[in-house]
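Asker: The two chains are supplied separately, each in an independent frame; assemble them into the complex guided by the hints.
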Amino acid sequence: MLKVDRIELDNLLPGVFSGREHIVSDVWCRKQVFEKGKSYLIEAASGTGKSSLCSFIYGYRKDYEGVIRFDGTDIRKMSGNEWTDVRKRNLGMMFQELRLFPELTAGENVILKNNLTHFRDEEQIRKWFSMLGIDDKWAEPVGKMSFGQQQRVAFVRMLCQPSDFLFMDEPVSHLDDANGNVMAKILEGEIRERGVGVIVTSIGRRLNINYNVEMKL
Amino acid sequence: MAQLAGFFIANLCGMVIVMLGIQFYNDVLPVFTQEDSFIKKDYIVVTKKVSTLGSIAGKSGTFSSYEVDDLKSQPFTVEVGAFQPAQFKVSAGISFGGMDLSTAMFLESVPDNFVDVKADAWRYTEGQKEIPIIIPRNYLNLYNFGFARSRNLPQLSEGMVGLVSLNLYLSGNGMRDVKKGRIVGFSNRLNTILVPEAFMRSANASYGGNKAWEPSRLIIEVDNPADERIAEYFSDNGYETEDNKLDAGKITWFLKLAVGVVMTVGLVISLLSFYILLLSIYLLLQKNTDKLENLILMGYSTQSVAKPYQILTVVMNFSVLLLSVIVLLFVREIYMDALSDIISAESEGNMMCACFCGVLLFVLVSVYNVIAIRKKINSIM
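Just so you know, the sequences run in chain order A and B. Be aware that the first sequence starts at 867, since it is given in the working numbering, and climbs by one per residue. Be aware that the second sequence starts at 93, since it is given in the working numbering, and climbs by one per residue.
This is chain B alone, in the form it adopts within the complex (with noise of 0.2 angstroms):
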């Protein structure tokens, strides 16, 4: 009896943190990765790592066509888009008050859907005069609360910067031009002077050669940026994102490995405590073996001799199991309150997984021992 008692309470234990551990793991990971919680489908923009090693080496440091499509076929990735650099000189200026100011630039594409403003003026047909322009918001604040104050310039909205046309002097290839160039818009997902990849392709052809091209820089669209497999596809590749969209990935995949060891550490003990109840029936036949050799003798068959022992075991294993669904019921009360105060979608989940999980061990373990249980007693003649 004593040694029943032990299996019971290390069984529980045993149960009870494997499917607290899936419960916990169920309940926590919608906060990072569900649809509709604070972080949504999502733009990456993705380079490669400068290293002091590679600048010295003159590695380029930009994408294979191959590594693009091995990004494409990624399960995370949704859509690939390009950064197109310019293939010429180009240097914008602004004319005003007969004084002519300009600064060398550069220029890059993206294919439009990756744009995320959404401006009529986004377009560029052959032969346009002026040519649409988007800078990063960051460049406007930058001017704004940086420069204008310290040199006591005054601050430009959206709205006026959009109405100043620029000059954009473009050479190359043996030709010179100038075109007129207006901002549009301003990006908070794209951290680089856009124009249109039309424009962009036909400027390349005319001013740069037409010289094959590989991108440095990849704009992803992702489902989940809080999957891990995205962080840990960059890191294994050496890819580097522009900002923190993949920490949730890191927090998500620490919390898959954490629930990892918790749930292998009451796995085992789960299956200690088997081994446990097994042996203690072991020993209880073992103290009876005369009296079931005696019934087995007297025309009992072995299947009835040993029901009421597989009865004992089935039901300790599934007043475990109950016992266990019980308290798992008060814990995930305790730590839901705690958690709902930390997001404030309301996600209730529900307990199927964790309780299939303690029934398919309940199972696996009941007919293995039913099975144990018969062979020991036909042992027994």
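Pulled out of the complex, with its shape left as it was, chain A reads as follows (with noise of 0.2 angstroms):
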């Protein structure tokens, strides 16, 4: 079974991106290593390859130049079958575009994850429901919730899994400060106690966490 303890970036460059000069960034053709337990903040204007650095790392895009590595493996090289384990043990991820199953409810969503990885109980994922003020939500379909609402039920849910790091492209983008904060206070009790890396990205609004590092894309 794969552990994910590092991350590495080694001289990544998204295809799109080939050929272009003087890219100056914290991330894109550099060394750069993301490691459990620590948070990073990655800061990006709109179009700098954000979403397409999650997309590479969680392993559904490979138009990318250079090397990722999970612990020295080079992803690339791993299995249908080794993702499948990856994505259900090691590497949570909060879309940007959240993929949640509209004609399913709320519930529904977060159950459908956890009876994946069975690492939560229904008791703990309707206490979360309810710290982000959702909980009236739990049996309304997905597809007629606000953005806002769905982003806290894909945060739920990336939270049902036993993972060596969370990513998270634009959390808060739609939430207000107040459900933002509540958001960070669980984060940071889940770096607490069970030691995850976290990543976060932003385009203006960010989670508010203390980062152990920022970096510009």
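Some hints here could point you the wrong way.
[Stated by the list, open to error] Derived contacts from chain A toward chain B, CB cut-off under 7 angstroms, selection only:
#, residue
1, Thr950
2, Arg953
3, Lys954
4, Arg965
5, Lys979
6, Val1048
7, Ala1050
Keep in mind the hints are simulated off the structure, nothing from the lab. Note that the Cβ used here is the ideal one computed from N, Cα and C, for glycine as well.
Answerer: Below is the structure:
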């Protein structure tokens, strides 16, 4: 079973940027390491490849140059089954587009993930729901909820996973500060208790936690 | 859903046609081939075709030893016997009331085990005075019901004929001899005037100068005259038979041909319907690509994502198989009723073969579908 304690980016560059000179970035075209237990903020302007970075690391796009390694393993060489394992055990992802199932209820969306990992119990999940102020939306189809509410559902879903790292692609873009702070509190608890690594991207609104490293894309 | 219903019906048609073809063939074939049905293990007399051109060109129309060996090696042949012709002149005469009537004739012999008349008298040892003769039963009928009636001559029974003693005048190789002959039996099988092979051999040696000879007629013992390979072999080689024993073989051949055509049509329909099924599944997958992608990104394995679709196809295929067997049972009931009127013998065949083919088709197609779905889902990510 794979363990992901370090994510190394080695001269990484999205295919669409190849050939471009003078790339000024803390991530692209250099060596960068994300370590477990630390939190990183990646600030980016629109169109600098923030979501691409997430999709490269999460293994559903491969149009990049350079190498990404999980504890020394080149992820290009990982099989489909290994990816399934990684997504089930090591990496949690909160997608920018959330990727929830609109016809399922908020509760079902989270349970669908938890049934795979059996990592949390329903009580805990409901507790998070109420902390984030969406406990009344438990039985409502996600498709009928606002994007901000959906973001909170996706956040809870991400927590139902025994992760080494949590990726959040603009997690608070549609949230008010109060809910953003609740989210930050929960996340800080996770870092403290489980020692997960956290990588958050932002184009403006940022999730308020104490980042170990802040970088610009 | 409409596509799936279309698949279901089309596949049902194809499957039923394929299975029905096999079943019908299995049910009808025994009518022609079964050992205890109306065609039995039998003898076939084979000659070469006499053609006008061949006669003018002086072709012999005899079988070479190569041709005989080839015939012996055929799978339908049990035994081959040659008709040995007399290589000397023969005339036969009857003397009664001091009057001698005689006529030129011919003699032939076949190996004794091909003779269908079991008479004790059918034996020849060197120096024996009286030569046993077998004539076709047809000859007696020809005389009794044709010649005798029109000339107001008395009809003869087989027993009476056996009492008459014939004079056989044998000549050749500078020798002349008279022997006694007696008709000891009548053959249905052999359309010739027969003497024992032992006599023929010694007579050919003394009166015929023991020349080399090739048979112009062969008698073949076959397991199953309905074997269509016999008719095929004969027509390929330009051989002819004297009776219509090979008709069953031709019918069997046509039956196989017809069943083959029907089964091909059924198979094509089946294949097309499986194609429809696959297309509808693909369509379904395509429609749900986003959801499938999300499931896989959540950490669900491609196997578990593919499983519901695979189960759907296998269940569809299996229900088609079941329904086909039921339809087959019904249809078979109907035509077996009609068939049992024609054949008296109860030939209760079973449906194992057809069902086996159905299951085989089901397994092949299901395995293919399962793999295709798996590949399709793998291609999503």
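Asker: Quick check on the hint: lysine 954 of chain A CB to chain B CB, less than 7 angstroms?
Answerer: Hint on lysine 954 of chain A: holds, closest Cβ of chain B at ~4 angstroms, below 7 angstroms.
Asker: So, as I understand it, the hint says lysine 979 of chain A touches chain B; can you test that by seeing if any CB pair is closer than 7 angstroms?
Answerer: holds, 6 angstroms
Asker: Was the hint right that threonine 950 of chain A lines chain B, CB cutoff 7 angstroms?
Answerer: holds, 4 angstroms
Asker: Min Cβ distance, alanine 1050 of chain A to chain B: is it shorter than 7 angstroms?
Answerer: violated, 24 angstroms
Asker: Tell me if arginine 953 of chain A is really an interface residue toward chain B, meaning its C-beta lies closer than 7 angstroms to one of theirs.
Answerer: Constraint on arginine 953 of chain A satisfied, holds at 4 angstroms.
Asker: Holds or violated: is the Cβ of valine 1048 of chain A closer than 7 angstroms to a Cβ in chain B?
Answerer: At about 24 angstroms, which exceeds the 7 angstroms cut-off, the nearest Cβ of chain B leaves the hint on valine 1048 of chain A violated.
Asker: Given a cut of 7 angstroms on the nearest C-beta pair, is the interface hint for arginine 965 of chain A held or broken against chain B?
Answerer: holds, 5 angstroms
Checked against the numbered hints above, the structure violates hints 6 and 7; every other hint is satisfied.
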